Amino acid sequence: DGGITQSPKYLFRKEGQNVTLSCEQNLNHDAMYWYRQDPGQGLRLIYYSQIVNDFQKGDIAEGYSVSREKKESFPLTVTSAQKNPTAFYLCASSIGSGTGRFEQYFGPGTRLTVT
Amino acid sequence: SQKIEQNSEALNIQEGKTATLTCNYTNYSPAYLQWYRQDPGRGPVFLLLIRENEKEKRKERLKVTFDTTLKQSLFHITASQPADSATYLCALGEAGYGQNFVFGPGTRLSVLP
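Residue numbers (my numbering), protein chains in the order written: chain V, 2 to 116; chain Y, 76 to 188.
Since the hints were made in silico from the structure, they are not lab data.
Be aware that a few hints might be false.
[Stated by the list, open to error] Under the rule of at most 27 Å between Cα atoms (straight-line distance), these lysine-lysine pairs were calculated in the DSS-like manner:
(1) V:K84 <-> Y:K78
(2) V:K84 <-> V:K10
(3) Y:K146 <-> Y:K78
(4) Y:K132 <-> V:K58
(5) V:K10 <-> V:K72
(6) Y:K132 <-> Y:K146
[As the list claims (entries may be wrong)] Among the chain V residues that face chain Y by a calculated CB cut under 10 Å, a handful are:
(7) G43
(8) F56
(9) G59
(10) I96
[As the list claims (entries may be wrong)] Here are the computed distance ranges between Cβ atoms for each label pair:
(11) V:R45 <-> Y:E131: 26 to 34 Å
(12) Y:G116 <-> V:N85: 15 to 23 Å
(13) Y:A85 <-> V:N27: 12 to 20 Å
Keep in mind that this is a model prediction, so the values were computed, not measured.
In this text, a Cβ means the ideal position worked out from N, Cα and C, and glycines have one as well.
Whenever a hint applies, use it, and build me the whole structure from the sequences.
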């Protein structure tokens, strides 16, 4: 089955701790994204990567970090510097630029609660 | 400032009627516009993409229009069913920004039996 997976589905952390959210895809997509969704709001872009070993900040990158060492994997670390980390985090992938295809495939999401 | 607005937050319609959702934008020049469906607690699912030079796109019971003069897209679901109840998100992509899209806040559609 081709798709994009995120784990865990629910994550609880104490304030001051870093936490890493997993995102894996077997769609052979070049581009991957991390979004944050808060209640009643649209998706806001945290980081994106168009190709392995390269990534760019999105609109709300402060307090987050990513890596893209493998095509299939794009983990997101929520650091203690993120002031309001409790949210629903969504990972997505798309085929990549130059293809004329823009649809994004989303994972099931990770709901992070920090207390 | 840049803004994407979608309908009201929620829309209720009777089963069998046509649902019409709007996506209005300010200070964007999108070359592409996408619509996604999101069920509670799940990731969005891609439905349709329309390009700036296309007026209308159809897929089964779905129809999307794109008016760059009005800066608006309309998303129609004909013969709506309770299973169509979900939140629908529009997303704008500007030329030169690669695969990056900016998402609207969504409209929660409820189709009542």
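Proposed interface contact between G43 of chain V and chain Y, which counts if any beta carbon pair is under 10 Å: Where the cut-off is 10 Å and the nearest Cβ of chain Y is about 4 Å from G43 of chain V, the hint holds.
With a cut-off of 10 Å, does the beta carbon of F56 of chain V approach a beta carbon of chain Y closely enough for the hint to hold? Since chain Y brings no Cβ nearer than about 12 Å to F56 of chain V, farther than 10 Å, the hint is violated.
Holds or violated: K132 of chain Y and K58 of chain V, Cα atoms, limit 27 Å. Measuring from Cα to Cα gives roughly 32 Å; hence the hint is violated.
Does the interface hint hold: is G59 of chain V within less than 10 Å of chain Y, judged Cβ to Cβ? With a closest approach of 8 Å, the G59 of chain V hint holds.
A85 of chain Y versus N27 of chain V beta-carbon gap, inside 12 to 20 Å or not: Cβ of A85 of chain Y to Cβ of N27 of chain V: about 36 Å, so the range 12 to 20 Å is violated.
With chain Y as the partner, please determine if I96 of chain V meets the hint condition of a C-beta pair closer than 10 Å. Holds. Min distance 8 Å.
Check the hint pairing K84 of chain V with K78 of chain Y against an upper bound of 27 Å on the C-alpha distance. 24 Å, holds
Is the Cα-Cα distance between K146 of chain Y and K78 of chain Y 27 Å or less? Holds - the C-alpha atoms of K78 of chain Y and K146 of chain Y are around 11 Å apart, at most 27 Å.
Given a hint of 26 to 34 Å, does the C-beta separation of R45 of chain V and E131 of chain Y actually sit inside it? Holds - the Cβ-Cβ distance for R45 of chain V and E131 of chain Y, about 30 Å, lies within 26 to 34 Å.
Is the Cα-Cα distance between K84 of chain V and K10 of chain V 27 Å or less? At roughly 22 Å apart (the allowed maximum being 27 Å), K10 of chain V and K84 of chain V satisfy the hint.
Range hint compliance [Cβ, G116 of chain Y to N85 of chain V, 15 to 23 Å]: 20 Å, holds
Agreement of K10 of chain V and K72 of chain V with the hint, judged by alpha carbon distance not exceeding 27 Å: 22 Å, holds
Against the hints set out earlier in the document, violations occur for numbers 4, 8, 13.
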